[in-house]
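Enquirer: Residue-level listing of the chains:
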Amino acid sequence: MVLRWRAAAIVALGALTVLGSGPAGSASEAETSAVMGPGPLVQRRLSPEQYRQIISDVFGPFITFGGRFEPDVREGGLLAIGSGKVGITAKGMEEYDGMARNIAGQVVSEKNRGTLIPCTPADAKTADNACATKFLGQAGRLLFRRPLTDGELRAQVRVANDAATLSKNFYTGLGVSLAVMLEAPQFLFHMQTSEPDPSSKGQYRLDAYSKASQLSFFLWNSSPDDELLTAAEKGELSTQKGLTRQVDRLLTSPRLEGGVRAFFVDMLGYDTFINLSKDAQIYPNFTAPVTRDAQEQTLLTILDVVLQQRGDYRDVFTTRRTFLTPVLGSIYGVKLPKTSPNSVADPWRAYEYAEGDPRSGILTHASFVALHSHPGRSSPTLRGKALRQFVLCQRVPDPPGNVDFTVIQDTNNPNFKTARERVTAHMTTPACAGCHKLMDPMGLSLENFDGGGGFRKIENGANIDTSGELDGKKFTDSVGLGRAVHDNPSAASCLVNRVSTYALGRTVTRGEAAWVSDLQKTFATVGYRIPDLLRKVALSDELYRVSAP
Amino acid sequence: MSITNGFAQHRFGRRNVLRGMLGGGAVTVGLPLLDRFLNSNGTAFADGKALPACFGTWLWGLGCDPGHWEPKVAGTKYEFGTQMAALQPFRDDTNLFIGLKVYLDSHAAAPHNAGWIGCTTGSPAPPSFASIDTIVADTIGTRTRFKSLEVACDGTKTSVSRKGATANASENSPAALYARVFGPEFKDPNAAEFTPDIGDIMRKSSLSAITEQRQELMKKLGAADRAGVDQYFTSIRELEKQLEIMLERPAPLEACAIPAKGDEAPPGYIIDDATTNNKLFARILAHALACGQTNVINVLFSEPLSNLRRAGSSMTYHMYTHEEAIDTSVGYQIEADRFRRQCFAALADLLGTLKGFKEGPGTLLDRMLIVGFTDVGYAKTHGVDNMPMLTFGKAGGRLKTGYAIDAKGDTVARVGLTVQQALGVRTSTWGTESNTTGRPFAELMNA
Chain A
1 MVLRWRAAAI VALGALTVLG SGPAGSASEA ETSAVMGPGP LVQRRLSPEQ YRQIISDVFG
61 PFITFGGRFE PDVREGGLLA IGSGKVGITA KGMEEYDGMA RNIAGQVVSE KNRGTLIPCT
121 PADAKTADNA CATKFLGQAG RLLFRRPLTD GELRAQVRVA NDAATLSKNF YTGLGVSLAV
181 MLEAPQFLFH MQTSEPDPSS KGQYRLDAYS KASQLSFFLW NSSPDDELLT AAEKGELSTQ
241 KGLTRQVDRL LTSPRLEGGV RAFFVDMLGY DTFINLSKDA QIYPNFTAPV TRDAQEQTLL
301 TILDVVLQQR GDYRDVFTTR RTFLTPVLGS IYGVKLPKTS PNSVADPWRA YEYAEGDPRS
361 GILTHASFVA LHSHPGRSSP TLRGKALRQF VLCQRVPDPP GNVDFTVIQD TNNPNFKTAR
421 ERVTAHMTTP ACAGCHKLMD PMGLSLENFD GGGGFRKIEN GANIDTSGEL DGKKFTDSVG
481 LGRAVHDNPS AASCLVNRVS TYALGRTVTR GEAAWVSDLQ KTFATVGYRI PDLLRKVALS
541 DELYRVSAP
Chain B
550 MSITNGFAQH RFGRRNVLRG MLGGGAVTVG LPLLDRFLNS NGTAFADGKA LPACFGTWLW
610 GLGCDPGHWE PKVAGTKYEF GTQMAALQPF RDDTNLFIGL KVYLDSHAAA PHNAGWIGCT
670 TGSPAPPSFA SIDTIVADTI GTRTRFKSLE VACDGTKTSV SRKGATANAS ENSPAALYAR
730 VFGPEFKDPN AAEFTPDIGD IMRKSSLSAI TEQRQELMKK LGAADRAGVD QYFTSIRELE
790 KQLEIMLERP APLEACAIPA KGDEAPPGYI IDDATTNNKL FARILAHALA CGQTNVINVL
850 FSEPLSNLRR AGSSMTYHMY THEEAIDTSV GYQIEADRFR RQCFAALADL LGTLKGFKEG
910 PGTLLDRMLI VGFTDVGYAK THGVDNMPML TFGKAGGRLK TGYAIDAKGD TVARVGLTVQ
970 QALGVRTSTW GTESNTTGRP FAELMNA
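In order, the protein sequence lines correspond to chains A and B.
The numbers in our numbering rise by one with no breaks, and the one at position 129 of the first sequence is 129.
Positions in the second sequence are counted from 1; adding 549 to them yields our numbering.
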């Protein structure tokens, strides 16, 4: 739906419902609102990726961004929920202002105006009401995700005309007005509005345009395209047939991949990659390209399982098939000759580890074992905690205050050669044991992978014991851990919880718990296939029902 | 091409701008402050108004070792404990508080959070977050280009500055801060000529298209939804004010000069790099203050739970505080102590930089009030008793300095209340629950 009238060539979840399946002592991470009916309207701030995607969709992928986004906030396990709680600070507004002017400048530039502006002013040295109205009306519909009201359009055109008069340049005026649009709350927030539900007296639902946005941000991580907005305009989204047609269209679009990718980036906490750094002396191979490729490896692996193969979601924890680049190969000990020139990144290559190889499933990827380690050493505790938090939707309590850690002091003690020996000290100390038993036994099975993601059998001269346990299921190594996670009911229920709250942009209410429970059953029935789950969610009334204003 | 950059090529004379505005009919601009000049000794504007008091925060992670930072005696003429020895040259610019604590009441002792949150909000779990810098900035930061500037020396974007759900993210690169403050939009207050930028005039005028919608939009939102959008509109207002200020002729400032760019270290957790960037940040922030660009700064030497480390080491500062054995010959953890001393050396760098800016008979540090605080009293146990806190600078003569005060178990909120009252915030109490206090350190206040 690129805003391009002349050259169409340019493209355009908590264990709340882990209901009893969590281990004793682990807290349910997502909260359930006490509300018995549907939840409230949510005004969510665009995520950086959504902002970029919308600009790319509307104006083209060649637009560059010169600024930084406000940090996101994770709530209920997801940034998507946190986005409904945050505003924009003064510094953030400064950044949005700079980006808006930069983008608008590119759109109205001599280079791009011919393709991106649908009309030519009668005189480029002054205001042109008709052309400004046409451009701002069309761009505004895509940016605000609904047609502009008459008042909004008048105000935007007035800004364009005033600035054109002052600068004696129509395009400068248009750019000033477009920049304002890109700084408006209607663009920077998904602003939901509701209407009475004619089919249920006294009930409310999202209006057609809010429904279109709910759907497209859920499945595409971007704003509705022209066809979806047109369907909203014609009232088609209010009929089951019309809604189904659009949902199926979105699900079969190549853009679904972007939506699923965004979901997993959020669910797996990949926003923390921004602060990942490894000590260059201890892990010399862990370079910036490795950081970049590590998350991409896991995302490609997940997309391969759940979309390309339409497989069982739980297989992501056991699959030996993955995708590698030469730089990742240097971490994993897989020799992949570089085929591109030095300045060009090599293409991704599918790679399958041999049966029994410890590298099986995404928990053995650098995106997990390195991300959840210290800069200079591994951490069974951080890995176990991350597994509970990101994969099983369980919250491990914070360490208590006023605890003396003397018992585990002295890492140079010859008795504490391996991580297992060090964390065993935690697990035998009453004040620490309660929580560490929830984390360490799983993390220890990944000890064959050092803090930089490399493989090892020995630590400080001692053999590494990779035996572990997850909720009573014992295993001997990382392959066993992957299988245990695959078979753990919390893994599937966590995914459903995350998908449902991600789609809603808020935690579910008690009144919606039955819906989530039904989704859990459906997910099992359809063989844990994510596209089927997405379809079920997207066609649910619950996704569009809201409480009375 | 940026929209306003397009105008960089042809600057308009003031007369032309006013004529253009009249022609456009929709643009207004405040009159330049043509009459504002410094007096001859550089301590005040020509109208006798003193240069403004400024505020800052400086956070270091992981507290101190009890018994190794406190002076042996309170009062004046004291000596810092060994861990704070780097601050000794600044003793007479400093107030050191010992025996302060964060009262947790029924709240969980969230490790590495309850302490710094208590110091900045007067509560370990504030019902609505408003850090002290944002409260002070509402009083002294409303007529500067930037209401506040936040930096983090450890490569993160972490910040203690927050009002509502969203934190004011820190700048982690000195080069980025430099570009933000002293880039093309900087107006040198000492320049011989001043010409308002027509791009700024248009930007300011155009924002009315947004602000005019505020009432109608807010009406549509439920109470729970309003906070985020309300903050948005407040920020738009801040942007408008920033533009208003950029359209005014700034008053000349004696100590203002555009700093040279420095070579920054790669932003990250290596403490030597953090130290390098702290020095660069200190210089840029001092120039920003001296040039009237802001009156409020927030410096985070590291996150509260500090991941600072040394190149080639598998251990972080935080890990040392928990896992390193206490050396019984000295009574503290040797490696953790090294990190701590380096933190205070970095703080001394900042203080030295501010003190190096002469303004009349005094220095920039004299008109500042900086609060130094941390996340825990004793990192090894996550304790929030005996929280080390300090203030630096005389707040433009409103605060006495050079004292070590034993608070004997009082709440940390007393420091915050003292700071607010010294900087003109009209409040008589601060803090929540057991941290609520109406007792500033009155002995430090000048009449």
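Note that these hints are calculated values from the structure, not bench results.
Note that the coordinates shown come from a computational prediction; the quantities given were computed from them, not determined experimentally.
Where hints are given, some of them may not hold.
Just so you have them, the derived chain A footprint on chain B, three or more residues with Cβ under 8 Å [unchecked claim]:
1. 701-710
2. 747-754
3. 836-849
4. 900-906
Capping the alpha-carbon separation at 25 Å, the derived lysine to aspartate or glutamate pairs in DMTMM-like fashion look like this [stated by the list, open to error]:
5. A:Lys-521 <-> A:Asp-532
6. B:Lys-706 <-> A:Asp-532
7. B:Lys-769 <-> A:Asp-541
8. A:Lys-168 <-> B:Glu-734
9. B:Lys-810 <-> A:Glu-95
10. B:Lys-790 <-> A:Glu-195
11. B:Lys-810 <-> B:Glu-884
12. A:Lys-536 <-> A:Asp-304
13. B:Lys-790 <-> A:Asp-532
14. B:Lys-790 <-> A:Glu-95
No residue lacks a Cβ here, since even glycine has one placed at the ideal position from N, Cα and C.
Enquirer: A separate judgement is required for each hint: does it hold in the structure or not?
Expert: We went through each hint and held it up to the structure:
| no. | hint | in the structure |
| --- | --- | --- |
| 1 | 701-710 | holds (count 3) |
| 2 | 747-754 | holds (count 5) |
| 3 | 836-849 | violated (count 0) |
| 4 | 900-906 | violated (count 0) |
| 5 | A:Lys-521 <-> A:Asp-532 | holds (12 Å) |
| 6 | B:Lys-706 <-> A:Asp-532 | violated (39 Å) |
| 7 | B:Lys-769 <-> A:Asp-541 | holds (23 Å) |
| 8 | A:Lys-168 <-> B:Glu-734 | holds (22 Å) |
| 9 | B:Lys-810 <-> A:Glu-95 | holds (22 Å) |
| 10 | B:Lys-790 <-> A:Glu-195 | violated (37 Å) |
| 11 | B:Lys-810 <-> B:Glu-884 | violated (33 Å) |
| 12 | A:Lys-536 <-> A:Asp-304 | holds (21 Å) |
| 13 | B:Lys-790 <-> A:Asp-532 | violated (51 Å) |
| 14 | B:Lys-790 <-> A:Glu-95 | holds (16 Å) |
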